[in-house]
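Respectively, the protein sequence lines represent chains A and B.
Throughout the first sequence, residue numbering follows the working numbering, covering 1 to 203 in sequence.
Throughout the second sequence, residue numbering follows the working numbering, covering 1 to 658 in sequence.
Hints listed in this document are in silico derivations from the structure and should not be mistaken for laboratory results.
There could be a bad hint or two in this list.
Mimicking DSBU-like on lysine-lysine, the simulated pairs with C-alpha atoms at most 35 Å apart in a straight line are [what the hints assert, rightly or not]:
1) B/561 with A/23
2) B/316 with A/23
3) B/524 with B/309
4) A/23 with B/216
5) B/590 with A/173
6) B/456 with B/226
7) B/590 with A/90
8) A/23 with B/590
9) A/23 with B/647
10) B/216 with A/90
11) B/44 with B/527
12) B/60 with A/173
13) B/60 with A/23
14) B/311 with B/456
15) B/226 with A/23
16) A/94 with B/590
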Amino acid sequence: MAHAAAHSEHHAHDHEHDHESLKTFGFWIFLITDCILFGSLFATYIVLHHNTNGGPTAEELFKMPGIIAETFILLTSSFTSGLAVLGMHKGNTKQLIGWLIVTILLGASFITLEVTEFYSMVMHEHATISTSAFLSGFFVLVGTHGLHVSVGLVWMIGLIFQLSRRGITAVTKRKVEVISLYWHFLDVVWIFVFTVVYLMGVM
Amino acid sequence: MRMLDSIKQFASEFFVTGDPMILGAQVSIGLSMVAMVVVLTMFKKWGWLWREWLTSVDHKRIGIMYIICSIMMLFRGGVDALLMRMQLAMPDNQFLQPEHYNQIFTTHGVIMILFMAMPLMFGLFNIVVPLQIGARDVAYPFLNSLSFWMFFWGAMLFNVSFVIGGSPDAGWLSYPPLSELSHSPGIGQNFYIWGIQISGIGSLATGINFIVTILKMRTPGMTLMKMPMFTWSVFSSCVIIIFAFPILTVTLALLFLDRFVGAHFFTLDGGGNPMMYINLIWMWGHPEVYIVVLPAFGIFSDVVSTFSKKKLFGYKSMVFAMLIISLLSFFTWVHHFFTMGSGADVNIFFAISTMAIAIPTGVKIFNWLFTMYRGRLKFTTPMLWTIAFIPCFVVGGMTGVLLSVAPADFQFHNSYFLIAHFHQVLIGGVAFGYFAGLYYWWPKMFGFSLNEHLGKWAFWLWNIGFYVCFMPQYFLGLDGMTRRTYTYSWDMGWGPLNLVSTIGGFLMGIGFLFQVWQIAHSIKFIKQHRASGDPWDGRTLEWSIPSPAPIYNFAVLPTVKTTDEWWEQKQNKSAATKGDVHYEPIHMPKNSAIPFIKSTLWFFAGFGFVWGWLWLAIPAMIGVAICMIARSFSYDTDYYIPVEEIKQTEAAWKGAKV
Numbered sequence: 001m002a003h004a005a006a007h008s009e010h011h012a013h014d015h016e017h018d019h020e021s022l023k024t025f026g027f028w029i030f031l032i033t034d035c036i037l038f039g040s041l042f043a044t045y046i047v048l049h050h051n052t053n054g055g056p057t058a059e060e061l062f063k064m065p066g067i068i069a070e071t072f073i074l075l076t077s078s079f080t081s082g083l084a085v086l087g088m089h090k091g092n093t094k095q096l097i098g099w100l101i102v103t104i105l106l107g108a109s110f111i112t113l114e115v116t117e118f119y120s121m122v123m124h125e126h127a128t129i130s131t132s133a134f135l136s137g138f139f140v141l142v143g144t145h146g147l148h149v150s151v152g153l154v155w156m157i158g159l160i161f162q163l164s165r166r167g168i169t170a171v172t173k174r175k176v177e178v179i180s181l182y183w184h185f186l187d188v189v190w191i192f193v194f195t196v197v198y199l200m201g202v203m
Numbered sequence: 001m002r003m004l005d006s007i008k009q010f011a012s013e014f015f016v017t018g019d020p021m022i023l024g025a026q027v028s029i030g031l032s033m034v035a036m037v038v039v040l041t042m043f044k045k046w047g048w049l050w051r052e053w054l055t056s057v058d059h060k061r062i063g064i065m066y067i068i069c070s071i072m073m074l075f076r077g078g079v080d081a082l083l084m085r086m087q088l089a090m091p092d093n094q095f096l097q098p099e100h101y102n103q104i105f106t107t108h109g110v111i112m113i114l115f116m117a118m119p120l121m122f123g124l125f126n127i128v129v130p131l132q133i134g135a136r137d138v139a140y141p142f143l144n145s146l147s148f149w150m151f152f153w154g155a156m157l158f159n160v161s162f163v164i165g166g167s168p169d170a171g172w173l174s175y176p177p178l179s180e181l182s183h184s185p186g187i188g189q190n191f192y193i194w195g196i197q198i199s200g201i202g203s204l205a206t207g208i209n210f211i212v213t214i215l216k217m218r219t220p221g222m223t224l225m226k227m228p229m230f231t232w233s234v235f236s237s238c239v240i241i242i243f244a245f246p247i248l249t250v251t252l253a254l255l256f257l258d259r260f261v262g263a264h265f266f267t268l269d270g271g272g273n274p275m276m277y278i279n280l281i282w283m284w285g286h287p288e289v290y291i292v293v294l295p296a297f298g299i300f301s302d303v304v305s306t307f308s309k310k311k312l313f314g315y316k317s318m319v320f321a322m323l324i325i326s327l328l329s330f331f332t333w334v335h336h337f338f339t340m341g342s343g344a345d346v347n348i349f350f351a352i353s354t355m356a357i358a359i360p361t362g363v364k365i366f367n368w369l370f371t372m373y374r375g376r377l378k379f380t381t382p383m384l385w386t387i388a389f390i391p392c393f394v395v396g397g398m399t400g401v402l403l404s405v406a407p408a409d410f411q412f413h414n415s416y417f418l419i420a421h422f423h424q425v426l427i428g429g430v431a432f433g434y435f436a437g438l439y440y441w442w443p444k445m446f447g448f449s450l451n452e453h454l455g456k457w458a459f460w461l462w463n464i465g466f467y468v469c470f471m472p473q474y475f476l477g478l479d480g481m482t483r484r485t486y487t488y489s490w491d492m493g494w495g496p497l498n499l500v501s502t503i504g505g506f507l508m509g510i511g512f513l514f515q516v517w518q519i520a521h522s523i524k525f526i527k528q529h530r531a532s533g534d535p536w537d538g539r540t541l542e543w544s545i546p547s548p549a550p551i552y553n554f555a556v557l558p559t560v561k562t563t564d565e566w567w568e569q570k571q572n573k574s575a576a577t578k579g580d581v582h583y584e585p586i587h588m589p590k591n592s593a594i595p596f597i598k599s600t601l602w603f604f605a606g607f608g609f610v611w612g613w614l615w616l617a618i619p620a621m622i623g624v625a626i627c628m629i630a631r632s633f634s635y636d637t638d639y640y641i642p643v644e645e646i647k648q649t650e651a652a653w654k655g656a657k658v
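Next up, chain A with everything else stripped away, as it sits in the complex:
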């Protein structure tokens, strides 16, 4: 009897493990679709970026120091989310939550800087989404990335609550792995945004 119970527990454990790896795999496929989504937005931006319609051009608009700061902050947050995963693999819940909080703070500063940048463009330069095709493409491409980061922040906060209540289990472990995948992915997208939109814009 005891043997049978142990067997079934073991079986259930195996099953749970399969179940979680299945979800991680699906998230990879989701990331492919997100790649195509950003790819379409990049293509749109590249087609339209010369059509400034007499409005401000990229060179006049972009202020590089702020952008470089944003870039370093986001890259650092990717690093700290990696540290959180390392903490999780060591089984250290405190370390995991601590680094996640640092990641959230860095992500939030990134968003704050981006919103400030958009705000000053709209208020001071009169560069809005309806000024020109170039700006439509710019705001939607960069804004979609910003929206992704914001969603990630809410997600991470929710995850911290779950971690503090449940600790590191097969399920929460998978959740942390998935969000760190997501976070690194957004980092890579930002590198392309930084290069294609900002660097090539001011060159």
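Take the given structure of chain A and dock chain B to it, following the hints.
Just chain B now, with coordinates in the frame of chain A:
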């Protein structure tokens, strides 16, 4: 008094008024909704509806719901088609208002592709794939339910436009600048954007779900090259979905931003580029037609080998051909607008890539023919649709190759020649395929077969009707009749052929009525139509279990050694049930109300954005976010079916079989 006036004013803008046909529709929609509520209340079925269907995550239930919705949509799209054919039957006809005609050709196209073909396809995916690969459910049952309800509410949002607010009328792909605010100031276009956007998110999720299901959930021993051909076709179709649908999402979002916040993606002013829309929408739109046709190819493959009593000819070449088609489908989109002036070099590339698709398709046609060669053919309804498909699709494919010749296309472009071509591949390929699949797997879904006699009537009416309707259109196209023509004068000489075409359209309509009669008749005389687990003497795993399948599908996961595993087992008699089978508790997902609630909130968000009512859209979107968080926080999502219950279910089935 003033308040009454403002309510009247609001109602006259909110509801579509001034057309007796639409008024009739409004009244009948209102009446049937009341009737539904009355019936559900009278028979105390609300709880049943909620527990067994609306919150179900069972792939078999979800599949049935998809199929019911798609048959309703086939009815609506078909009525649109017949209204158009009535309008075109005679020269200088004024049966419809011109504006109404524009709305009808737009909604006919959208509904038939996105709200009829797609859900019918997803319905078959859901019912068949887990059973064919020996799985208990799809990889993500919760997501699957969400996909269905997103489709459902997207379709409802699109359909409601014809009685509330006004239908879109800029064609089924809504090219700008016509679809921009400058040229379509009404809200019909917003319904188009949000209806398709919401259901499109569901389709994307289904694509992910079935890729993972097929790659990760196969029963022991079933290697990729031992999968049934329908499962392979679903896999190729889903690969296209995950690459194509994000492009649609982006395209519709950008068009909406143009209309809603004055962006300049596709506008004529402000540096916008309408041609970019046309490129983007076809980068989704062309792969989309392969998304819907590949599963039909899979159905034909399974049907043809079952009813020829032979292994499918050229299994490997079939798989290879399908994957090649998935790849090539992304390199042909420009052939939809050769006339737009991309230049000779670009046109040549896309002409050749288009012609290249005929090669793998030809391989498949020969494989089906060679499967039948020297087989013991049984002419059941699924087989009839399959046999009728082959010549129909060959002719449709040939006219497609004619259209792909870029210089000649300048003559054919947007003429009735094109209309006849794509209806021939979409009806002859997709609709015939899905009918074959529906007849083939109907017993598995419901436990009873459909009446073959009435089915044959429906088959012949559809087939004869098809050729009578569409063959004349090739000649009308060559005579210069262009698509979306509202009417034409006597001296064009198009009258007789158009009348013939209309008659053909009505023959197909009668064919549809026969199908409805067939279903009703088979339900009424259900005792004569009871089906066993294996009514067709099938070859693949779905026929090894009861019809309808128990909730857990397979009590014990089968071990697969060959491609047509169930057939081999029957030949070798090896699977003769030995007395004591070892059962284990089965892990199953729990039902959830979140998918239904969340998709309903999406509907309200979409409705709010359509009208520019942010007071509705923003709270609804917040509700969507809350649903996502609620799901993230729910850990109690699964349960185990105890061994006793499995034993009882299985014993009941085996008892009934003896």
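Okay, the hints, checked on the actual structure:
{"no.": "1", "hint": "B/561 with A/23", "result": "holds (28 Å)"}
{"no.": "2", "hint": "B/316 with A/23", "result": "holds (30 Å)"}
{"no.": "3", "hint": "B/524 with B/309", "result": "holds (32 Å)"}
{"no.": "4", "hint": "A/23 with B/216", "result": "holds (11 Å)"}
{"no.": "5", "hint": "B/590 with A/173", "result": "holds (22 Å)"}
{"no.": "6", "hint": "B/456 with B/226", "result": "holds (33 Å)"}
{"no.": "7", "hint": "B/590 with A/90", "result": "holds (33 Å)"}
{"no.": "8", "hint": "A/23 with B/590", "result": "holds (17 Å)"}
{"no.": "9", "hint": "A/23 with B/647", "result": "holds (31 Å)"}
{"no.": "10", "hint": "B/216 with A/90", "result": "holds (29 Å)"}
{"no.": "11", "hint": "B/44 with B/527", "result": "holds (26 Å)"}
{"no.": "12", "hint": "B/60 with A/173", "result": "holds (31 Å)"}
{"no.": "13", "hint": "B/60 with A/23", "result": "holds (22 Å)"}
{"no.": "14", "hint": "B/311 with B/456", "result": "holds (26 Å)"}
{"no.": "15", "hint": "B/226 with A/23", "result": "holds (25 Å)"}
{"no.": "16", "hint": "A/94 with B/590", "result": "holds (32 Å)"}
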